[in-house]
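Start from the sequences, fold in the hints, and give me the full structure.
Protein chains in written order, with my numbering: chain A, 24 to 314; chain B, 149 to 402.
Keep in mind the hints are simulated off the structure, nothing from the lab.
Please note that the accuracy of each hint is not assured.
[Said to hold, decoys possible] With a Cα cut of at most 27 Å, we get these calculated DSS-like pairs of lysine-lysine:
no.	chain 1	residue 1	chain 2	residue 2
1	B	LYS205	B	LYS153
2	B	LYS255	B	LYS213
3	B	LYS303	B	LYS153
4	A	LYS187	B	LYS255
5	B	LYS222	B	LYS153
6	B	LYS274	B	LYS327
7	B	LYS327	B	LYS153
8	B	LYS255	B	LYS205
9	A	LYS187	B	LYS303
10	A	LYS187	B	LYS222
11	B	LYS303	B	LYS213
12	A	LYS187	B	LYS274
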Amino acid sequence: MEIIQLLIGGVASGCIYGLVALGFVLIYKASEGVNFAQGDMMMLGAFVALGLVNSEYWALPFIPGILLACFIMGGVGYGIDRFVVRRIFGQPQFALVILTIALGFVLRFIAGAIWGFTPLVLETPFAGQSVRFGGLVLGYEDVITIVVTAVLTLGLWAFFSRTKLGLAAQAASQNQMAAYIVGVPVRRINSMIWGLSGIVATVAGVLYAAKGAIDPNIGLLGIKAFAAAVIGGFGSLPGALLGGLLIGVVEPIAARYLPSGFSQMSPYVLMLIVLTTRPGGLFAQIHAKKV
Amino acid sequence: MSLLKLRNVESFYGAIMALRGVSIDVEEGQIVTILGANGAGKTTLMKTVSGLMDAEKGTVEFNGKTINGMEPDKVVAEGLAHVPEGREVFPYLTVEENLRLGAYARKVPGVEDDIELVYDYFPILKERRGQSAGFLSGGQQQMLAIGRGLMARPKLMLLDEPSLGLSPLLTQEIFAIIKRLNAEQGVTMLLVEQNANVALNTAHYGYVLEMGRIVMADTCAALRASDDIQEFYLGKQDEGQRGQKRWKRRKTWR
Chain A
24 MEIIQLLIGG
34 VASGCIYGLV
44 ALGFVLIYKA
54 SEGVNFAQGD
64 MMMLGAFVAL
74 GLVNSEYWAL
84 PFIPGILLAC
94 FIMGGVGYGI
104 DRFVVRRIFG
114 QPQFALVILT
124 IALGFVLRFI
134 AGAIWGFTPL
144 VLETPFAGQS
154 VRFGGLVLGY
164 EDVITIVVTA
174 VLTLGLWAFF
184 SRTKLGLAAQ
194 AASQNQMAAY
204 IVGVPVRRIN
214 SMIWGLSGIV
224 ATVAGVLYAA
234 KGAIDPNIGL
244 LGIKAFAAAV
254 IGGFGSLPGA
264 LLGGLLIGVV
274 EPIAARYLPS
284 GFSQMSPYVL
294 MLIVLTTRPG
304 GLFAQIHAKK
314 V
Chain B
149 MSLLKLRNVE
159 SFYGAIMALR
169 GVSIDVEEGQ
179 IVTILGANGA
189 GKTTLMKTVS
199 GLMDAEKGTV
209 EFNGKTINGM
219 EPDKVVAEGL
229 AHVPEGREVF
239 PYLTVEENLR
249 LGAYARKVPG
259 VEDDIELVYD
269 YFPILKERRG
279 QSAGFLSGGQ
289 QQMLAIGRGL
299 MARPKLMLLD
309 EPSLGLSPLL
319 TQEIFAIIKR
329 LNAEQGVTML
339 LVEQNANVAL
349 NTAHYGYVLE
359 MGRIVMADTC
369 AALRASDDIQ
379 EFYLGKQDEG
389 QRGQKRWKRR
399 KTWR
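What follows is the structure in structure tokens.
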């Protein structure tokens, strides 16, 4: 029973890592670079949601407030690409890395300036409730996290494989030049992907905030999500999610059964093991270009 | 009136001048070929026409409309499809998805009919419609790239080295289909090709591009008969008395 309880809690936090990792991969595929501000976008999303929903701020009803936060953060993501990232288009990848690290700091201090650096709690309608299932006690927020992640993943999958726009986005990430010449507006689609990853980050942030207090430094969780994306084989959406779940599950189990300290280390040890045995990650897309 | 008209086009890679004032005309309904050695500027010319590169000087006019400076996704919507060098298919998408993307920018309906049309010309693609394009052979990928170009229902198709990396037999097959597409579907073609022999046999009119300049322009029959083309592009050698070449010929345009 105890192990199942641990597993479910692990899967729930793994979903959050997975969602942030998903954001990493989405942007990696669009802009061919790593967005190190992804964790901070999650943080900002959580704070925007908090600012809209909490009673001491705007006090909107919960669901509309969250949807509005997603919409705003989608706009922020789109804007970051449209007005910042697009200007360094064609520069070496390194430029994007530095730029997003700086951007992460900026977002962190913007959030700090508006909401302060003391931990705040997002008011959710389901705080503190739990369901009993067999001999298990499941927190509402864990159940909701798992369900929302599953729904969002399905939605993203349907978008990328079933819609014309999603197909065009895939095409743009696989072969930018060819996408251009068949008439896909590559730049606009890249901006759209940044917007999408802003939305995914917000969902992750809200789910994270539902479990406990947030402060502007929770964006550092992005490092763990980065490890998740690497484990999954950077560039694969299902891989990112799986990597997140693995890390989420390994952490509480290491905390329970191994000496103290191992739990914090375990995600990175896992990453090292995966990288040494399967250097491309679990879901590497290996493709040799034919000439 | 010619369908595509280039006047004094100059294109640069950074500081390097790749096209030094190129003027060509492509008449509607024809296949026009551009011959030239490696680095002559053939691919640059294609990229400049399709909008992947912008001409620094000169004008590119397509169907009576100036298209230089236009983004490639707008150019294809005008009815100009570029089949790039080296195929450039979408490797993780299926054959059919690749074809559908070819129709991304078009406004005229009939996408389903055109997919069938492409399958008529390239039956092997129909067999492989559900497979990832990355797993096709080189020749099949080339067919897919041409098919994807057709899906835009273009007035003009730019074909950049369709024979690259293909066996002579497959090259013959692809060029036979290109000829048929031109005759049956009325698609005008601008063809860049290293294999001068097959290009001159397929096209109606030809230009010779060297160091970013057009040095010869004539009908393909006339080009085939020219001594320079025979010597430098078709590789025919006239032998001296002792069965060997006695001196290196100079090109007449130098």
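Results for each hint:
no.	hint	result
1	B:LYS205 x B:LYS153	14 Å, holds
2	B:LYS255 x B:LYS213	18 Å, holds
3	B:LYS303 x B:LYS153	14 Å, holds
4	A:LYS187 x B:LYS255	14 Å, holds
5	B:LYS222 x B:LYS153	18 Å, holds
6	B:LYS274 x B:LYS327	21 Å, holds
7	B:LYS327 x B:LYS153	22 Å, holds
8	B:LYS255 x B:LYS205	31 Å, violated
9	A:LYS187 x B:LYS303	24 Å, holds
10	A:LYS187 x B:LYS222	18 Å, holds
11	B:LYS303 x B:LYS213	13 Å, holds
12	A:LYS187 x B:LYS274	21 Å, holds
The structure fails to meet hint 8 from the earlier list, while all remaining hints are met.
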